[in-house]
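**Student:** Letter by letter, the chains look like this.
Protein chains: 2
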Amino acid sequence: MQKLLPEEIEKRSFEIITKELGGILLDEEQAFVMKRVIHTTADFDYVENLCFSEDVVKKMQEAIRNGACIVTDTQMAKAGINKKELSKYGGEVFCFMGDEDVAAKAKEKGSTRAAASMEKAAVLEKEVIFAVGNAPTALMRLHELMQEGVVFPKGIIGVPVGFVNVVEAKEMILKAEVPYIVARGRKGGSNVAAAICNALLYGMKHRV
Amino acid sequence: MQKLLPEEIEKRSFEIITKELGGILLDEEQAFVMKRVIHTTADFDYVENLCFSEDVVKKMQEAIRNGACIVTDTQMAKAGINKKELSKYGGEVFCFMGDEDVAAKAKEKGSTRAAASMEKAAVLEKEVIFAVGNAPTALMRLHELMQEGVVFPKGIIGVPVGFVNVVEAKEMILKAEVPYIVARGRKGGSNVAAAICNALLYGMKHRV
Numbered sequence: 000m001q002k003l004l005p006e007e008i009e010k011r012s013f014e015i016i017t018k019e020l021g022g023i024l025l026d027e028e029q030a031f032v033m034k035r036v037i038h039t040t041a042d043f044d045y046v047e048n049l050c051f052s053e054d055v056v057k058k059m060q061e062a063i064r065n066g067a068c069i070v071t072d073t074q075m076a077k078a079g080i081n082k083k084e085l086s087k088y089g090g091e092v093f094c095f096m097g098d099e100d101v102a103a104k105a106k107e108k109g110s111t112r113a114a115a116s117m118e119k120a121a122v123l124e125k126e127v128i129f130a131v132g133n134a135p136t137a138l139m140r141l142h143e144l145m146q147e148g149v150v151f152p153k154g155i156i157g158v159p160v161g162f163v164n165v166v167e168a169k170e171m172i173l174k175a176e177v178p179y180i181v182a183r184g185r186k187g188g189s190n191v192a193a194a195i196c197n198a199l200l201y202g203m204k205h206r207v
Numbered sequence: 000m001q002k003l004l005p006e007e008i009e010k011r012s013f014e015i016i017t018k019e020l021g022g023i024l025l026d027e028e029q030a031f032v033m034k035r036v037i038h039t040t041a042d043f044d045y046v047e048n049l050c051f052s053e054d055v056v057k058k059m060q061e062a063i064r065n066g067a068c069i070v071t072d073t074q075m076a077k078a079g080i081n082k083k084e085l086s087k088y089g090g091e092v093f094c095f096m097g098d099e100d101v102a103a104k105a106k107e108k109g110s111t112r113a114a115a116s117m118e119k120a121a122v123l124e125k126e127v128i129f130a131v132g133n134a135p136t137a138l139m140r141l142h143e144l145m146q147e148g149v150v151f152p153k154g155i156i157g158v159p160v161g162f163v164n165v166v167e168a169k170e171m172i173l174k175a176e177v178p179y180i181v182a183r184g185r186k187g188g189s190n191v192a193a194a195i196c197n198a199l200l201y202g203m204k205h206r207v
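Order-wise, the sequence lines are chains A and B.
Taking numbering that gives the first Met the number 0, I'd label the letters of the first sequence as residues 0 to 207.
Taking numbering that gives the first Met the number 0, I'd label the letters of the second sequence as residues 0 to 207.
Hints should not be assumed to be uniformly reliable.
Remember, identical chains collapse to one label, so a pair may be satisfied in a single copy or spanning two.
[Unchecked claim] Using 27 Å as the maximum straight-line C-alpha spacing, the simulated BS3-like pairs for lysine-lysine come out as follows:
{"hint": "1", "residue 1": "Lys174", "residue 2": "Lys57"}
{"hint": "2", "residue 1": "Lys174", "residue 2": "Lys83"}
{"hint": "3", "residue 1": "Lys204", "residue 2": "Lys34"}
{"hint": "4", "residue 1": "Lys87", "residue 2": "Lys106"}
{"hint": "5", "residue 1": "Lys119", "residue 2": "Lys82"}
{"hint": "6", "residue 1": "Lys87", "residue 2": "Lys18"}
{"hint": "7", "residue 1": "Lys83", "residue 2": "Lys119"}
{"hint": "8", "residue 1": "Lys204", "residue 2": "Lys174"}
{"hint": "9", "residue 1": "Lys87", "residue 2": "Lys34"}
{"hint": "10", "residue 1": "Lys125", "residue 2": "Lys87"}
{"hint": "11", "residue 1": "Lys10", "residue 2": "Lys87"}
{"hint": "12", "residue 1": "Lys83", "residue 2": "Lys104"}
{"hint": "13", "residue 1": "Lys119", "residue 2": "Lys34"}
{"hint": "14", "residue 1": "Lys2", "residue 2": "Lys106"}
{"hint": "15", "residue 1": "Lys106", "residue 2": "Lys10"}
{"hint": "16", "residue 1": "Lys204", "residue 2": "Lys108"}
{"hint": "17", "residue 1": "Lys87", "residue 2": "Lys174"}
{"hint": "18", "residue 1": "Lys2", "residue 2": "Lys108"}
{"hint": "19", "residue 1": "Lys18", "residue 2": "Lys125"}
{"hint": "20", "residue 1": "Lys18", "residue 2": "Lys83"}
{"hint": "21", "residue 1": "Lys18", "residue 2": "Lys108"}
{"hint": "22", "residue 1": "Lys82", "residue 2": "Lys2"}
{"hint": "23", "residue 1": "Lys57", "residue 2": "Lys104"}
{"hint": "24", "residue 1": "Lys108", "residue 2": "Lys10"}
{"hint": "25", "residue 1": "Lys10", "residue 2": "Lys125"}
Please keep in mind that the hints were generated in silico from the structure rather than gathered at the bench.
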């Protein structure tokens with residue numbers, strides 16, 4: 000086994016991923032995101048699954064550069080996003096899933112905490128990129144709030160994972176008028192959500 | 000789309016997973032872990048990848064019941080593990096990756112923080128299950144510490160993800176004298192590590 004430091008392992012890993020992707024033609028900015036997702040999952044299915052709206056990487060990076068925050072639906076994604084890097088531009092990461100007012104509102108309305116946490120995020124007086132890695136109900140409620148004109152996301156990272164309502168919720172976002180990065184199908188997760196956020200952030204370092 | 004609450008979605012999801020697994024013969028306790036990993040990743044490759052040492056689920060659950068702690072190599076896994084459930088038996092989750100003494104030791108020795116964090120965990124005066132979801136160097140150092148007789152894990156969840164040294168590090172654990180759950184090959188991740196820990200915990204609720 001080779002004795003390598005983390006930064007060397009990461010470099011070597013991306014070389015292997017690039018090699019195994021072979022001749023697949025990818026927009027450079029999309030490739031940067033795609034490779035980080037594959038690095039995080041070792042799952043090349045994302046080559047087929049990941050869908051990008053036009054110029055989404057540039058648009059989301061521009062929003063971050065202007066101080067946009069990231070709202071996510073899991074503590075795991077929050078833990079995984081590079082908050083130090085985001086804070087350089089003035090942004091923060093929020094996850095309202097554990098908040099008592101969110102739990103109370105979900106109970107009162109017979110909805111989910113994920114949906115209630117999107118409602119809480121919708122009234123933040125901040126520009127927001129939403130990173131949904133777990134709950135299809137978060138995506139569904141977010142879509143409703145957009146249709147009602149209550150929220151105008153700077154972008155949606157729509158990568159919940161699962162078997163019930165997940166595929167459908169993602170298809171709704173794919174049809175919406177919003178910059179999106181969506182993992183079509185069942186796959187995704189908090190790790191994928193965090194990886195995409197970090198890819199946006201790390202991509203900015205080279206282009207500031 | 001169906002209007003379902005999270006617990007209904009989870010129930011329905013496990014029904015779908017069970018159905019799609021079809022007639023695959025699985026030990027009941029292993030199946031409980033396997034299904035939760037598939038639920039977390041939507042990736043049926045884990046049917047082939049996940050390796051269990053003999054009676055490992057029972058052994059790890061017994062350790063937890065006796066107050067064992069969980070040490071993990073990522074903040075994401077720590078965020079994902081059900082700490083409330085673990086605390087019922089007296090256990091805690093530790094992740095030393097962000098600790099200053101760990102960073103200093105890694106720098107001094109030219110090793111990784113992941114390796115140094117395993118050294119810190121090795122001298123905890125507690126019974127420990129290790130849950131490695133990210134760094135192969137954590138698994139490699141842990142293996143060395145076991146061989147040196149410095150640490151005697153109650154179990155190892157060895158599911159780092161990646162392209163460099165990951166496969167090899169996992170094979171070392173598969174040959175070691177320790178109760179293990181290992182995701183053979185490249186796949187794994189903090190989400191998988193957390194899912195396995197939670198499967199152990201949720202499996203205990205029905206069997207206390």
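**Student:** Look at each hint and say if it fits the structure.
**Tutor:** How the hints compare with the structure:
Taking the shortest alpha-carbon separations for Lys174 and Lys57, only the intra-copy value of 20 Å comes in at or below 27 Å, while the best inter-copy value is 47 Å. With identical chains, the CA atoms of Lys174 and Lys83 are never at most 27 Å apart, being 33 Å at best within one copy and 39 Å at best between copies. For a Cα distance limit of 27 Å, the shortest separation of Lys204 from Lys34 inside one copy, 17 Å, qualifies, whereas the shortest one across copies, 39 Å, does not. For a Cα distance limit of 27 Å, the shortest separation of Lys87 from Lys106 across copies, 25 Å, qualifies, whereas the shortest one inside one copy, 37 Å, does not.
For a Cα distance limit of 27 Å, the shortest separation of Lys119 from Lys82 qualifies both inside one copy, at 21 Å, and across copies, at 25 Å. Taking CA atoms no more than 27 Å apart as the test, Lys87 paired with Lys18 passes in neither setting, with 33 Å inside one copy and 48 Å between copies. Both within a single protomer and between protomers do Lys83 and Lys119 lie at most 27 Å apart by alpha-carbon distance, with minima of 24 Å and 25 Å respectively. Taking identical chains as interchangeable, the C-alpha atoms of Lys204 and Lys174 are never at most 27 Å apart, the minima being 31 Å within one chain and 42 Å between chains.
When the C-alpha separation of Lys87 and Lys34 is checked against a cutoff of 27 Å, the pair qualifies only within one copy, where the shortest distance is 24 Å, while the shortest distance between copies is 40 Å. Proximity of Lys125 and Lys87 under a CA criterion of 27 Å is satisfied intra-copy only: 16 Å inside one chain copy versus 39 Å between copies. With identical chains, the CA atoms of Lys10 and Lys87 are at most 27 Å apart within one copy only, with a shortest distance of 24 Å there and 42 Å across copies. Taking identical chains as interchangeable, the C-alpha atoms of Lys83 and Lys104 lie at most 27 Å apart only when they sit on different chains, with a minimum of 22 Å there against 31 Å within one chain.
In this homomeric assembly, Lys119 and Lys34 never come within 27 Å of each other (Cα to Cα): the closest approach is 32 Å inside a single copy and 33 Å across copies. In this homomeric assembly, Lys2 and Lys106 come within 27 Å of each other (Cα to Cα) only across copies, at 15 Å, whereas the closest approach inside a single copy is 52 Å. Within a single copy, Lys106 and Lys10 get their C-alpha atoms only as close as 47 Å, which misses the 27 Å cut-off; across copies the closest is 19 Å, which meets it. In this homomeric assembly, Lys204 and Lys108 never come within 27 Å of each other (Cα to Cα): the closest approach is 43 Å inside a single copy and 29 Å across copies.
For the homomeric pair Lys87 and Lys174, neither the shortest alpha-carbon distance inside one copy (33 Å) nor that between copies (45 Å) is at most 27 Å. In this assembly of identical chains, the alpha carbons of Lys2 and Lys108 lie at most 27 Å apart only when taken from different copies (13 Å versus 55 Å within one copy). When the C-alpha separation of Lys18 and Lys125 is checked against a cutoff of 27 Å, the pair qualifies neither within a copy, at 40 Å, nor between copies, at 44 Å. Within a single copy, Lys18 and Lys83 get their C-alpha atoms no closer than 31 Å, and across copies no closer than 43 Å, so neither meets the 27 Å cut-off.
In this homomeric assembly, Lys18 and Lys108 never come within 27 Å of each other (Cα to Cα): the closest approach is 50 Å inside a single copy and 32 Å across copies. For a Cα distance limit of 27 Å, the shortest separation of Lys82 from Lys2 qualifies neither inside one copy, at 29 Å, nor across copies, at 34 Å. In this assembly of identical chains, Lys57 and Lys104 lie within 27 Å of each other by CA distance neither inside one copy nor across copies; the values are 36 Å within and 39 Å between. For the homomeric pair Lys108 and Lys10, the shortest alpha-carbon distance between copies (21 Å) is at most 27 Å, but the shortest distance inside one copy (48 Å) is not.
For the homomeric pair Lys10 and Lys125, neither the shortest alpha-carbon distance inside one copy (35 Å) nor that between copies (36 Å) is at most 27 Å.
Hints 2, 6, 8, 13, 16, 17, 19, 20, 21, 22, 23, 25 from the list above are not met by this structure, while the remaining hints are.
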